[in-house]
Every structure is written in C-alpha cells, then in structure tokens.
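Q: Residues per chain, in single letters:
Protein chains: 2
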Amino acid sequence: MTHPDAIRLFAKTLRNLEQWMDKAAAHARAKSFEVDVLAQARLAPDQFSFIRQVQSACDQAKYAAAYLGGKTAPSHPDTEQTFEELRQRIRKCLEFVESVPEADFAGAEERKVSPPWLQGKWLRGDDYLAQVAIPNFFFHATTAYAILRHNGVDLGKMDFIGSVPIRDA
Amino acid sequence: MTHPDAIRLFAKTLRNLEQWMDKAAAHARAKSFEVDVLAQARLAPDQFSFIRQVQSACDQAKYAAAYLGGKTAPSHPDTEQTFEELRQRIRKCLEFVESVPEADFAGAEERKVSPPWLQGKWLRGDDYLAQVAIPNFFFHATTAYAILRHNGVDLGKMDFIGSVPIRDA
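Top to bottom, those sequences are chains W and P. Position in the first sequence (first residue = 1) + 27 = my numbering. Position in the second sequence (first residue = 1) + 27 = my numbering.
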C-alpha cells in the first residue's frame, strides 16, 4: 500500500464515520433522545468517549498526512462537544489531509518521523505508517463504531468498510 | 507499506491479542469466574461474539497472506469454544501466515484477488490489501479488544499497539 493509498483509506473511513453518525441521529430521533448523549458514551468508565475517539481518529489521519507528506499539521483543538461540531472536525481534517499533494509523499518510507511524544527519538516513515498510524487510526475508528453499535445504532460491517473497487472479468 | 510489512503487522497484532487474552485470564481469576464466559461476550446482541471476532481477525490475516502470496489458504474450521482453543487457532494462523516467503509477495499489487464472496468478480491486490484486509482485520481485532475492555479487563492502548521500532538520533 502506497502512502497516498493509506491517506485515501483514512479519508474514506472518516467519510464512512460521518454516515455512522447519520445513523446515530436517525436512531436518536426514533427513540426520542438527543443524539449528543451519544457523544459522551463510552464502553468502559476509563475509556475515551465517542468524542475523543473521533478526535483521535482525525488526529491520526492528520498527523500521518503531515509527517509523511513533509507538512506542518494544522492545530485542531479538542473543543468539540456535539455531533455537529464533530462533523466540522472531520471536514477540517479531510480538507487538510486531501490538500497534501501525492507527489509530496515520495520517499516517505525513509523520512524521519519524530513526533513530540518520542522526545527526540524517531521512527522511519514506513514504520510510522504501519505500526503507529494505521493501527491507531483503525483502533479509534472501530471503537467509535463499537460505541454506537453498543448503544443500539443500526450499523453493520458494510457501513464500516464502505464501497470497494470491485472489477468485472 | 509493503505487502510483507502488512503481514508482519497482522502477525504482531495477533500476538498482542494473545496478551489481551492473558490479561482476560488474570481478570477472571481475580474475580473468580471462568474466563471462557468472555468467549461468548459481545457488545450488542446481533454482533459477533469474542470467539468470532478472533476467528475473523485470524481469517483476514490468513486470506491476505494466501491471496497476496499466491498460496491456497489452509482450512481452519470455526469450531473454537474456549480461550485455549482460540490460542491454538491464532498459532495455526501465525504458522501459515509466516510460512509464506517474502519473495512470493512480489507483484502482489497487481494480482487478481477473487475470493468466493466476489462470485467471479475480483479486486486488484493493492485494493484488496488497503480496502478489505487492513480495515477488516483491525475491525475484528479492535472489537475483540473492546469486548474485553467493556468487561473490565485491564487493557490500555499500548496493549493494542505493542512495541514499535523507535530509533535514537
């Protein structure tokens, strides 16, 4: 998988996530509760809420695009409280992620990636993508999905995966 | 990310999963319940149980190695009922996945992948990896993790990610 392929996969999954939120909104209407109740939902008391799962998925996509594309990541403060604000966060994220030209990922495999949490140490770009960005992104996206699923939202695996480029003979 | 990198990532995550199961066993002992109760746990009544999440994660890894490495996948019937049997399933899966020589993934990007569920249609190898194998694998691995987390097992994100190859200056 090329680096632009990975970024496209993150973007596609964030767009899928917006559709899970549409289904959550429909569920809330059908059950006559405020959808933003689900923004605070979590699967264990010491786990991130739905809001932080979405923020974290966005950040994994944003930082992968920035670090591997040689850009400075824009600041997206974690201030969201509502589904509507989370939708805006996703769109801001997509706007940045999709602004990085494909050509700028050339050589990303060997780029030194040194996020602040590594305190001066670093990862090769290919290791960052495979062992940090991909598993973390899908960890948070799947947990966001699981929180909605656990709360009765009508979701199935195809909502998670979205469309795939199937070819005829 | 190269195809062998993806296979290594799946294998590493399956080994991490065995460690989540160790923590589940410790939790069960501390609370004096049979760990195999968790084998049937799920986050929603119409969702796969922990057992099927683990079986599905294994299958995603197995089929990715088979389809992209040009091998026939061995049959691993979904007969597991206990944690001990799931550990054996993981080991069988790892044994196969790690038996495919790296060189056999050469050209996998353009290989036609035509699993039975595509009914004669196909996906390019790169699309299969990026849009089927990776999201499905992490979907099932994360849901397995979330089921344990929701049931009080002492897990954190580092258990999910495992070790990463951090380098010094």
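Just so you know, these hints were derived from the structure itself, not from any lab. A couple of the hints might just be wrong.
[Stated by the list, open to error] Keeping only pairs whose Cα atoms sit at most 27 Å apart, straight-line, the calculated DSSO-like set for lysine-lysine is:
#  : chain 1 : residue 1 : chain 2 : residue 2
1  : P       : K119      : W       : K184
2  : P       : K39       : P       : K119
3  : P       : K148      : P       : K58
4  : W       : K39       : P       : K58
5  : W       : K39       : P       : K119
6  : W       : K39       : P       : K39
7  : P       : K39       : W       : K139
8  : P       : K184      : P       : K119
9  : W       : K139      : W       : K119
10 : W       : K139      : W       : K50
11 : P       : K39       : W       : K184
12 : P       : K184      : W       : K139
13 : W       : K148      : P       : K148
14 : W       : K119      : P       : K184
15 : P       : K58       : P       : K98
16 : W       : K39       : P       : K50
17 : P       : K39       : P       : K50
18 : P       : K119      : W       : K148
Q: For each hint given before, does the structure comply? Return the numbers of the non-compliant ones in rising order.
A: The structure breaks hints 3, 4, 5, 10, 13, 15, 16 and 18; every other hint is satisfied.
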